[in-house]
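Dock chain D against the given chain L, drawing on the hints supplied.
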Amino acid sequence: MSSRGLFRSAEEPIRNDEKPEDSLLALYRKTRDLCTSAIDPYEIAVHLEAIGYNRYRVQKEFGLEGVFQLAEKLYALVPRDFPPVPRGIPPLQTARQLATRYLVVLSTFSAILLFHLRGGGMGWPVAIWLLAWGQMGYFLVYRAEAELAPPRTAEAKTSIALLGLGVATVLSFMSSNPWDTFSGSVFWVGAIRAFWDGRVRTVVLSAIAALLGAYLGLERISLFSAGLLSMGKFLVRSCWNGWQWLFHSWPRALYPLLYGLGQGLFLYGALHRLSFEILWQIMVFLVAWLFLFDFALHRFGIALNRSLWDNTSFATLFSRMRSVLLLCIAILLLPLAVSLGLCFLSFSAYAPFFLSGFWAVITGSGVFLFSLGEQKRPAMVLFVAGTTIAIFEPLAILAGVVAMGISLSCLFLKLRQPLGYGLWFL
Amino acid sequence: MSPSPLVLLTTEGTYPFAPGGVTSWAQELLKRLRARFIVFALWGPQQIPKIPSLPRNVEKVMVVRLFSQESFPLTLARQPLLLEKLESLFGFLEGDLVAFGEGLYGLAKASGKASSLSGVFLSKEADEILRRRFTSVLGRTPVLAERLLTLGQLRGMLVNLLQIPPVADIAHTTVNGLGAIPAWLASRHYQIPLVLTEHGVYLRERYFALFALNLPPALSLFFSLFFKNLARLIYHEASLCTSVSEFNRYWQIELGAKPEKTMVIPNGIDPAKFPPAPRHLENPPTAVWVGRIDPLKDLLTLVQAFAFVHKALPHARLRLFGPVPQGNEVYAQEVRKRVEELGLGKTVTFEGPISPVYRAYHTGWATVLSSVSEGFPYVVLESLAVGRPVVGTRTGAVSEIIADSGRVVPPSNPEALGEALTELLSDPRLCLDLGALGRERVIRKYTLENMVESYQKVYNTLCESGQRQRDELP
Chain L
1080 MSSRGLFRSA EEPIRNDEKP EDSLLALYRK TRDLCTSAID PYEIAVHLEA
1130 IGYNRYRVQK EFGLEGVFQL AEKLYALVPR DFPPVPRGIP PLQTARQLAT
1180 RYLVVLSTFS AILLFHLRGG GMGWPVAIWL LAWGQMGYFL VYRAEAELAP
1230 PRTAEAKTSI ALLGLGVATV LSFMSSNPWD TFSGSVFWVG AIRAFWDGRV
1280 RTVVLSAIAA LLGAYLGLER ISLFSAGLLS MGKFLVRSCW NGWQWLFHSW
1330 PRALYPLLYG LGQGLFLYGA LHRLSFEILW QIMVFLVAWL FLFDFALHRF
1380 GIALNRSLWD NTSFATLFSR MRSVLLLCIA ILLLPLAVSL GLCFLSFSAY
1430 APFFLSGFWA VITGSGVFLF SLGEQKRPAM VLFVAGTTIA IFEPLAILAG
1480 VVAMGISLSC LFLKLRQPLG YGLWFL
Chain D
2 MSPSPLVLLT TEGTYPFAPG GVTSWAQELL KRLRARFIVF ALWGPQQIPK
52 IPSLPRNVEK VMVVRLFSQE SFPLTLARQP LLLEKLESLF GFLEGDLVAF
102 GEGLYGLAKA SGKASSLSGV FLSKEADEIL RRRFTSVLGR TPVLAERLLT
152 LGQLRGMLVN LLQIPPVADI AHTTVNGLGA IPAWLASRHY QIPLVLTEHG
202 VYLRERYFAL FALNLPPALS LFFSLFFKNL ARLIYHEASL CTSVSEFNRY
252 WQIELGAKPE KTMVIPNGID PAKFPPAPRH LENPPTAVWV GRIDPLKDLL
302 TLVQAFAFVH KALPHARLRL FGPVPQGNEV YAQEVRKRVE ELGLGKTVTF
352 EGPISPVYRA YHTGWATVLS SVSEGFPYVV LESLAVGRPV VGTRTGAVSE
402 IIADSGRVVP PSNPEALGEA LTELLSDPRL CLDLGALGRE RVIRKYTLEN
452 MVESYQKVYN TLCESGQRQR DELP
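In the order they appear, the protein sequences are chains L and D.
The numbering used here puts the first residue of the first sequence at 1080, with every later residue one more than the last.
The numbering used here puts the first residue of the second sequence at 2, with every later residue one more than the last.
Simulated from the structure, these hints should not be mistaken for laboratory data.
What you were told as hints is all true, and nothing was included just to trick you.
Computed list of lysine-lysine pairs in DSS-like fashion (alpha-carbon distance at most 30 Å, straight line): (1) L:Lys-1152 to D:Lys-229; (2) D:Lys-458 to D:Lys-274; (3) L:Lys-1152 to D:Lys-259; (4) L:Lys-1152 to L:Lys-1109; (5) L:Lys-1312 to D:Lys-338.
Which bits of chain L does chain D cover? Going by a derived footprint, with three or more residues having C-beta under 8 Å, they are: (6) 1116–1124; (7) 1130–1136.
Where a beta carbon is used, it is the ideal one built from N, C-alpha and C, also for glycine.
Extracted from the complex, chain D is given alone in its bound form:
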């Protein structure tokens, strides 16, 4: 066995291109682990951003474009083998994971030989298969438009993705969605261990997205079945499912992961990068929010909550630090409008991105997180690391991280959030004490060192067991 294993790390819309929790995690982890990496990154049709400098042990970055605008095939050659595999892939409609897996693997293997998977997805025969298989699930025959949309979406997702990735010792996926498919294919093809690390539960976020997209109901049904069974397949076949919180682990087990194959490895940060905030608090009492402006962060509830704070503490301030990602402009405007409507124009300020980020936490008495969905938010860790308490919503790992160093309230509940913020912002002593507890807790439990050590153990153990399995094969 090679002393430093070669790991195929798959990502989806995150590392190494987009900033965020997964990218921070991967950046810190990759450069510290004793392993070599091939990064297999899934990206959408939008322009690929410039790749930032990568750790030396990243040997290659392979990018797969989903929904890329390729031309439609010019011929409609019938390919019985591919159609047979496509039929098998539709097994997910009835929850048949074996057939589903066979379909995915068969198409990936065959795509190396046949030139046009694309043509198969958009063929008359594929339409016939879909019509037959989906009718029994939908309770009626799907109309042509629904079938076209379904086949088109499926094609956009899978055509470029279904290929056997390069050989590696371990396949490690950072997501249990489309990004898990290449890792699973590598694991099956080369008989190597498959590790899954979930930051947020992909399926949960998929449900939020399906709800927001307001797709035709038949499509929502089709794709919810697809993603649910994909998640089940990966949970079932992964050698180890790690997650960043007990909350995620609860979902993993519900969806079919064996409890003994699950493990919580919390994220960690380098405390040296987060110097402690001053041991005194300057007036006015200030709450700080850090993140990207996004509906999942539920800033409307936060603003509403701050109206309650404003009534009790008219001089209190709320400072919002973070960018407005492309596509969220309307939401950002809605938030600003709500601020104006509530007469908080001088109290709530939009500060934009800040670097280094610890400066944002230093300006406040406490940090607030109002999200309706979270995985393992770095914001909470970072704020506690500088010694500022957090008022957060009970989502993902938030309550696990905050524990007794802040306040946890139900999501989408402005009254409760406002009450907790008022409590902290009216008592500077309490803020300092909770903050000190938080810093001590982060240094003890959530360090980068602990995280890296845990993953190194996982890799070493899996490499040994994988090698044993391969040795035992005839």
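Chain L extracted, bound-state conformation:
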């Protein structure tokens, strides 16, 4: 089938079995890929010049006036179609990959929780730093994979990991229980480093080893060893190139860093007075909810991709995605609904749950906005709210309400424009 566009006139196509009878066909065979993909005769002319054809050579070999005339002849030999070629979203994670990712997060998280429950404990400053570093690291690794080629990608990842570990080490030895905090940090950084390489089995095995060690009362040594095991040979594979890249690239991850800091400070303000029994219940609930929400976003991405590469209008795009979008919003608001229910039962006891409901809505909106290419606003909202709540505890509920309102309004404004988020997904 040949395109019928005004621009696309073409003569009969060249058959594959046709024998080159003259120099033009011989040249066509030599430059077939170029001739079939070119969108303009000038594009062919440019490449002909690059392989040594100039007007004198063209006159001599083809009897034509110059390169432009030769390019037009070649261009006219092939009919062209311009089928839509889907791109952009396809590397979306499958449901299985998502499940694995959360299994990894949950197993690592459980190992640390068990460690806490056995009497250890990680200082809040280190926990906040590791959360912020995790956000920044995820973003930087994504950039490294896009910008660098192996082995520089691995060097950059190790440098990011060592940065996280370095700061965590300094903060650990400033805290009241340095060795516990340090071994927990090594485990956390090691697991994340392995996760960046997709070494899922290593992470799960390390987490199981850590859990077993903690059960046997060897928390410090088991977490420390499991962390080293996860990091493996990559611990020593940092080099000057990786650090140089990190030095230049970290400002680009400023907003994810602020976002993570905001999350940590918010949780600290809300939960630092709670006992671990309640804390771990809240944490497990929030991780499970994030899993659900990520899943809904995943479906949203698929629906959007399908609509974009169909011959749809804006109206169709909207209607196709409405149900998926509603599901996302419902899941986004789920923790708030749960905390509101608990609040009606007993406000004073469940105020932290109430705050974690706000945290969930703000974080979820942020994840949504991040996936639509918006970083600055969610990061700033969460950071300002987190700082306010951590410093001025009496203002916690008010700050949470305001921050949630701003986050939701940013999200809804963004969602009103399919062109905006469509572009980002592409």
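For chain D alone, kept in the frame of chain L given last:
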């Protein structure tokens, strides 16, 4: 008329921020011309580098960011005037230059009044216009994703660019691409002469880029039409199209410039900054390459060619001087890998940047240039200026500059390049003789003085004619 005219000089990704041929040209020219300048520099979303010290006659540097990450508009107000101009702008799809120009100018004028051009590009109405206009060209209705990508790219390119620049006596653009738009807008708005100076033919490089980017075909088609018609518009409307070589001039005329409005003004250098190399050559025979490591320089062909040289002259060396720009790391690694694969690890060396650059040329018997695309490469001029011959590929102005003071071979042809290099590196007498011819040729033809004088004449003539035209207006 003011004795020293005010010139609006537009650049794109070059002067005053990025090093390279255009920046060297502008630096030398601006400080020597009797004119005052407003530099209107287009730059991408990346961080703006620190501006180096500028000549005193540069009054202002205005920077326009393309593809800057601005927020999406919060409201979708319909603006019929802007939509009408946008419809007109899409005239380029059918090659209607008048409508295209009207669209560009109309949007630029209206952008001063309306707050949000951005919203217009990403509106439902714009999508409808694009769908209608592009269907007849594409031969099918573009899908939503293609329309979004197209509108998004167009918005990124044009939103910050479409504004009327400050008043000047002459608009001078150093590029016939997006950077030419502000100069053309000034020329049209203030009725002043428009000068175009092309170092490389922008459209040619755009085609290379489109090919390498591997965009969806509909997008490639849309943007090739956009850039082709933009180039045609500027060639058609420029008072004078200067270029650095006959090769560029050939493209300009093909794309619609009137031959009588075109002129070749070759670049020039200051020979005093390039002291002659010693009149003797030390062993081992060495070829020198100078430049930034970039696919357009085709170092893979050079390395392949040097494998042929190595067979004939096992002790010959190739020294590569120049930086690896950000984004070209993978290509640089590919080149290194090829060097290793061909067993040239001890023969071909990566030396990094060098300053002053003439020291690089002094270390070799001959300089080599393997590019697949060039404008007017300073490397060739500089090497000849110190008295070292050049083996270059037949691209841009290379063969015009080298003439009889070196060897010219077809691009992407390692055998021919290797043969020419072997010839020179096995005959030191020949290198010295060709080098001497080259130095004499540069001093005679390619001096800074000649270049500045030519541009000064252009400015003076255009100022006078521009003034006459304005005087004749009612």
